[in-house]
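Protein chains in written order, with the working numbering: chain R, 1 to 287; chain B, 1 to 456.
Calculated from the structure, these hints are not laboratory results. Beta carbons are placed, not taken as given, at the ideal position from N, Cα and C, and that holds for glycine. One should not assume that every hint holds.
Using C-beta positions, here's what the derived DEER-type ranges look like [to be verified]:
#1 B/P280 <-> R/L276: 29 to 35 Å
#2 B/K255 <-> R/L87: 49 to 55 Å
#3 R/R187 <-> B/V417: 33 to 39 Å
#4 R/H119 <-> B/K255: 37 to 43 Å
#5 B/K448 <-> R/A26: 49 to 55 Å
#6 R/N29 <-> B/A438: 30 to 36 Å
#7 B/G199 <-> R/V127: 23 to 29 Å
#8 B/E61 <-> R/I179: 54 to 60 Å
#9 B/G251 <-> R/M1: 55 to 61 Å
#10 R/V127 <-> B/P343: 41 to 47 Å
#11 R/L276 <-> B/L63: 31 to 37 Å
#12 R/Y56 <-> B/E61: 38 to 44 Å
#13 B/S203 <-> R/V127: 30 to 36 Å
Negatives, chain R to chain B, calculated, CB over 10 Å [stated by the list, open to error]:
#14 N31
#15 G45
#16 D90
#17 L108
#18 Q124
#19 P128
#20 Q131
#21 P184
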Amino acid sequence: MFSDQIFNYTTLAYFIAMVLYISFIATKNKNVGLGGNIAAWIGFGLNTLAIGWRWYESKSLGYGHAPLSNLYESVVFFAWSILLIYLLMDLKYKQRAVGAFVMPFAVLGMAWAQMMPDHSKSIQPLVPALQSNWLTYHVITCFIGYAGFAIACGASIMYLIKVGKEEKSGGANTPAGGILSMFPSARVLDDINYKAIMIGWPMLTLGIVTGAAWANYAWGTYWSWDPKETWSLIVWFIYAAFLHARFTRGWVGRKAAWLSIIGFGATLFCYLGVNLVLSGLHSYGGG
Amino acid sequence: MTTNKRSFLDALWDFCCSLKLTIFTLILLAATSVIGTVIQQGRSPEEYLRVYGENTYRIFEKLGFFDMYHSWWFLGLLTLFAVNLTACSIKRLPRVWKTVRNPVLTPDDGLYRTLSNMEEMVSKESPETLKGKIAEFLKTNFAAARVTEADGKTHFYAEKMAWARFGVYVTHASILIVFVGAIIGNVFGYKAYVNIVEGTETSRVWKRGGSQPTPIDLGFTVRCDKFSVTYYEGTMRPKLYKSLITVIDDGVEVKKDREVIVNDPLKYKGIVFYQSSYGPAGDPSFVLSVTERATGQSQTYNLRQGQPGRLANGLPFRVANFSENFQNFGPAVRIEIMPPGEPVRAFTVLKNFPQFDAQRGDDFIFSLDDYQQRQYTGLQVAKDPGVWVVWIGCILMMVGSIIAFFMSHRRIWVTLVPLDGGKTGIKLGGAAHRNQAAFEMAFDDFKKNLKQELNS
Numbered sequence: 001m002f003s004d005q006i007f008n009y010t011t012l013a014y015f016i017a018m019v020l021y022i023s024f025i026a027t028k029n030k031n032v033g034l035g036g037n038i039a040a041w042i043g044f045g046l047n048t049l050a051i052g053w054r055w056y057e058s059k060s061l062g063y064g065h066a067p068l069s070n071l072y073e074s075v076v077f078f079a080w081s082i083l084l085i086y087l088l089m090d091l092k093y094k095q096r097a098v099g100a101f102v103m104p105f106a107v108l109g110m111a112w113a114q115m116m117p118d119h120s121k122s123i124q125p126l127v128p129a130l131q132s133n134w135l136t137y138h139v140i141t142c143f144i145g146y147a148g149f150a151i152a153c154g155a156s157i158m159y160l161i162k163v164g165k166e167e168k169s170g171g172a173n174t175p176a177g178g179i180l181s182m183f184p185s186a187r188v189l190d191d192i193n194y195k196a197i198m199i200g201w202p203m204l205t206l207g208i209v210t211g212a213a214w215a216n217y218a219w220g221t222y223w224s225w226d227p228k229e230t231w232s233l234i235v236w237f238i239y240a241a242f243l244h245a246r247f248t249r250g251w252v253g254r255k256a257a258w259l260s261i262i263g264f265g266a267t268l269f270c271y272l273g274v275n276l277v278l279s280g281l282h283s284y285g286g287g
Numbered sequence: 001m002t003t004n005k006r007s008f009l010d011a012l013w014d015f016c017c018s019l020k021l022t023i024f025t026l027i028l029l030a031a032t033s034v035i036g037t038v039i040q041q042g043r044s045p046e047e048y049l050r051v052y053g054e055n056t057y058r059i060f061e062k063l064g065f066f067d068m069y070h071s072w073w074f075l076g077l078l079t080l081f082a083v084n085l086t087a088c089s090i091k092r093l094p095r096v097w098k099t100v101r102n103p104v105l106t107p108d109d110g111l112y113r114t115l116s117n118m119e120e121m122v123s124k125e126s127p128e129t130l131k132g133k134i135a136e137f138l139k140t141n142f143a144a145a146r147v148t149e150a151d152g153k154t155h156f157y158a159e160k161m162a163w164a165r166f167g168v169y170v171t172h173a174s175i176l177i178v179f180v181g182a183i184i185g186n187v188f189g190y191k192a193y194v195n196i197v198e199g200t201e202t203s204r205v206w207k208r209g210g211s212q213p214t215p216i217d218l219g220f221t222v223r224c225d226k227f228s229v230t231y232y233e234g235t236m237r238p239k240l241y242k243s244l245i246t247v248i249d250d251g252v253e254v255k256k257d258r259e260v261i262v263n264d265p266l267k268y269k270g271i272v273f274y275q276s277s278y279g280p281a282g283d284p285s286f287v288l289s290v291t292e293r294a295t296g297q298s299q300t301y302n303l304r305q306g307q308p309g310r311l312a313n314g315l316p317f318r319v320a321n322f323s324e325n326f327q328n329f330g331p332a333v334r335i336e337i338m339p340p341g342e343p344v345r346a347f348t349v350l351k352n353f354p355q356f357d358a359q360r361g362d363d364f365i366f367s368l369d370d371y372q373q374r375q376y377t378g379l380q381v382a383k384d385p386g387v388w389v390v391w392i393g394c395i396l397m398m399v400g401s402i403i404a405f406f407m408s409h410r411r412i413w414v415t416l417v418p419l420d421g422g423k424t425g426i427k428l429g430g431a432a433h434r435n436q437a438a439f440e441m442a443f444d445d446f447k448k449n450l451k452q453e454l455n456s
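Just chain B, same shape as in the assembly (with noise of 0.2 Å):
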């Protein structure tokens, strides 16, 4: 019973650090993830059964497809994801750290055969002289060498970035980093927005997820004094969105008519306010010339959207409608002219061409001086006390990457044994743990200098 459960023990614990659960997990994870890309994730059912129909709706809700980074189902491949590097990282990291700290500082001819890098001198010279020659030789042309003697025969050791070999285990930490923050950012953060209009304040936000926006309350105010666009000269391509914003905790300005703009948040007490969005509050109000063709006189008017005017023949009419952008002419009014018992006369003017509905040949001659619209602006408000843990891990993931791909460590072993007639027989041998065509030529250069030296 006990072996049984052993060895189930056994085999669970090789499947979480096997690499083939690795390669299977990943695969798996890009597979799936391609499910949310094609199935637009987060709307609302009606769109979803209007798309896919009643049955597959069904089907692909249960599956969890409409919010599908967020299902059980991928959690688990991510959870997995994160159970295996740990597993494999605590199963290799021991040996790994065994290799560093204590390294074979008395290689046998075993150790020498199992180096693809090896070769063997004799010198004339006697152990005794060659000792210094050698601990100096490795300095200057490797790394420093602790010298051992075991034996008669005299072990240097040298080696170089010997802690490139945790760069992998950095970067599988690295990830695991990012996923705490992400959790800590989910649990403890929220993302949230807020509309506010030109000239009003507020101190609650709207909780984004979830079937219903629920409200959260800042602790201060955020008050909107003015939101504005630019737009690139001649052109109707936006330059600029601009929220001025203040904010006022306990009674007290403390960041005042502070510029909103996309790309440059505003943040305050851990909370971060980002242009989003903005659009027309209430209905705009105008200021409208008419000219009378036959006198030129001419009337103003102050009128806000649908409240009638009275023509100078006594014909009602109104402002219809309004656009910001009438198809790339600028802002422009739809006014109806209604006489009693007789259709409706429609037609537009145009502020930037006030010589414009002239040519309408109508009793009236209508311009748009000005308009007024109070804007709103939308905010993204967003709290994420994790997202310096993600960095970090960020940061993290490039140095070691860069560490497990780039760096190697290297090792170089040279022995020395006494000959008969004072001679002595070198042996070395060199390894590395990354690229080794690069270490086999420096190697061989080593060989070649060493060699050198040792003539002269």
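If we strip away everything but chain R, and leave its shape as in the complex, we get (with noise of 0.2 Å):
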């Protein structure tokens, strides 16, 4: 299929702007930042132009679904929200260093989605549970929210990497040099890190709403404990305790970071671990 095609330049372009951001951080070259930046705006195009494909390709075929039914699917519709809430975070923040920690978690999903067997990547008619509008809404507004969260996930490892290093050299006033300079000061980690969070979790919360509202059309039931439910309520909760810790002192900066690490962890274990270990409603794993 041609967009199988376009996916694959896109994983192309995403790793050499992975590359790139990761060369820039090294030779602190501002053009290989741009360099970086360009090559990201092209996969994120190619990205976008794939799904777009697939979506045609699936009405060829006579079903016309939206493409975010399966695993391979899904995988790929992860890395473009991650570009397209990096990219939108990088027009206001203009923090290119940020791409070499976040680009990786697009590069790895793509690469995870090209290396699957052709089966899984094929384009399959929905089964009679899938067969509802609701279906699009609820993965859209799921994923983008997991998207902010890897990207403060990134800005978070940065955050406790760089302190670490200014806190040796006696504060922010005295820049951490080296290969450290060019990442963003602690304090913008930390603002981004929440900024992130800020349009993750809104979104999971509609996520979860959606998902509840498809539930309870399809089954009768909004709410029944399943494990994606739990845990996608987990992570809520995790980012809820997170963001409710920017309110008092002593939970910010370093907590702060963990915590969204954390949670980043745990959106992982939601999104990908319920499938491969535990059992439910959601079976798209198996495919």
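Both chains are sitting in their own frames, so use the hints and assemble them into the complex.
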């Protein structure tokens, strides 16, 4: 399929962007950072095109559903969501070094998708349970939420590296030297962490609500403590704790960064672990 | 004694209001919720005993791990969460209400000093001429101002989106509303299921939960006229599960031949029926053709599963087994020929490949012409009068959190102080309760424009 080829080029563009972002930190050359950004935008454009094309291919096959129905499609959409939130945040903060810690998530996702066997990649018609518009709303909102948490996690890892160095060299006034000089300041990283979660959390809330609405429409129960539902709630609790922790002293900075990283770990488990390890209603992990 | 009591109540109240409790509860809820995803919920004791062994089973049973989300301690945690939420809101809401209803209209130097966005300038014009100008400027560049005169000074106060301060309380209230909806659903509603064989009707469904399903009388009758499964062409991937349902109330067919499919339930009198499962009802019956190889003569049999037939040579046979989709080849029967005193000869006959059995090389060639299998449709039945309350809660939660995160109450104060020589000292300050960085930029623009306006 043609869309598969575009997904290949997307992966390549994301990989180049990642390499350039990492080189940017090492070389401190602004042009390299800009190159990373251009590659990221091209990759995002290709990713968008590929998803659109796959939708079109599904229409040509006579199914016509949005490409959000199995593991393969969800992984490439996850990469797309990560880029969406990352590029939006980049427009505001213009901190290219962050790309070196965010792009790997997208590259890993795309590479994994490319390695899946052909039968997982093929476009399948929807089984009765998935034949609903709620599917589209539910998946889009959940994944934009996950993407926000991915970026928050990347920023938090940078924060922990940076803040350790800053404290050793005696406060933020004397910026850390070496490679770390290309990192945004700890304050900015903390802010990116918070802002990304501010986008992610309401989207996750909406994802849970649309999921509940759909479950109620399809099965007559909006909440059944299915492992996937429960894990989404666990993630929701963790980030709710994070948001409230901002208001008390002693829970900002390091603790907040750790909470954000743990939150993203829980998010990944909610997305993949539940399907691979536990049993429940969301069975796309098998395909 | 009384002071002791008082301080205890105070301490309890402070405990309920504390943000530390919020974080603690949220993390504890997250951590404990994991248990119920690792231990499968609501299984039979036998199953648990097999998996965990006697001792662990006893401990888990005591701790309520097998129905964790309804255990006393988990519901207790949720209650603590709700109490904390309510207490925090009760404590903080009056202060916020005051800020919004009775804003400081006459700022003093102390207030100006606390504002991170502050500016002072001097104009040659008199306070009298400036008054109109400033009011007009605030109106076009920010918001209409409330003007107060005190001690010879003129104060302007303008604000935007004061209601944004309530976003967080809307979100908090919405969670309580969702809880209320869930409780209403649990108390006044039920979850049940019913299996209806094609062509039959029922007015009773079976309530889930508890050790034994208990019957519930619907007060009307539901009939399943037909159930069918269709597959995507050329595959065994199901496309549609469909029940044709008729609802009969008081002898009248109020809904006739309504299609109930997955993702499109049937609703009648607040009770909703969802397509959920299906299965065979009773033994299937078959139409088989048996051709004698030597003569080419064919005979047709109508047999139920297990019912013996007799071949032209007198040997008995029967359909021992049936599969609607045998190894993806479609419907198939397992035939057993039972010669007396000899071992049984068994083989498979596929409906979609009638020529296939000839290759077996037997004297008789079997083919499956048709079969009939009555199905039952499995419906989930739910009554939940609280569901609307839950949706209202969810909508408020979304609206509330968007307001809380992305809307900001912005305030600008301007004070005119008459100076010697007809000049005027102008003091201005501003504050935003969210997104300070964006407000800082907006305030800088505001400042610049005001200077230009005054100099022109």
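Verification of the supplied hints:
1. B/P280 <-> R/L276: 29 to 35 Å: Holds: the Cβ-Cβ distance is about 33 Å, inside 29 to 35 Å.
2. B/K255 <-> R/L87: 49 to 55 Å: holds, 51 Å
3. R/R187 <-> B/V417: 33 to 39 Å: holds, 36 Å
4. R/H119 <-> B/K255: 37 to 43 Å: holds, 42 Å
5. B/K448 <-> R/A26: 49 to 55 Å: With Cβ atoms ~41 Å apart, the hint is violated.
6. R/N29 <-> B/A438: 30 to 36 Å: Cβ of R/N29 to Cβ of B/A438: about 31 Å, so the range 30 to 36 Å holds.
7. B/G199 <-> R/V127: 23 to 29 Å: This hint holds: roughly 27 Å between Cβ atoms.
8. B/E61 <-> R/I179: 54 to 60 Å: With Cβ atoms ~56 Å apart, the hint holds.
9. B/G251 <-> R/M1: 55 to 61 Å: This hint holds: roughly 57 Å between Cβ atoms.
10. R/V127 <-> B/P343: 41 to 47 Å: holds, 43 Å
11. R/L276 <-> B/L63: 31 to 37 Å: Roughly 27 Å apart at Cβ, these two residues miss the hinted range, so it is violated.
12. R/Y56 <-> B/E61: 38 to 44 Å: violated, 55 Å
13. B/S203 <-> R/V127: 30 to 36 Å: holds, 32 Å
14. N31: holds, 28 Å
15. G45: holds, 27 Å
16. D90: With a cut-off of 10 Å, R/D90 remains clear of chain B, as the shortest Cβ separation is near 16 Å.
17. L108: The claim holds: R/L108 sits with its nearest Cβ about 25 Å from chain B, beyond 10 Å.
18. Q124: Check fails; 7 Å does not lie beyond 10 Å.
19. P128: violated, 4 Å
20. Q131: Given that some Cβ of chain B is not farther than 10 Å from that of R/Q131, nearest at about 6 Å, it is violated.
21. P184: Holds: least Cβ distance 14 Å, greater than 10 Å.
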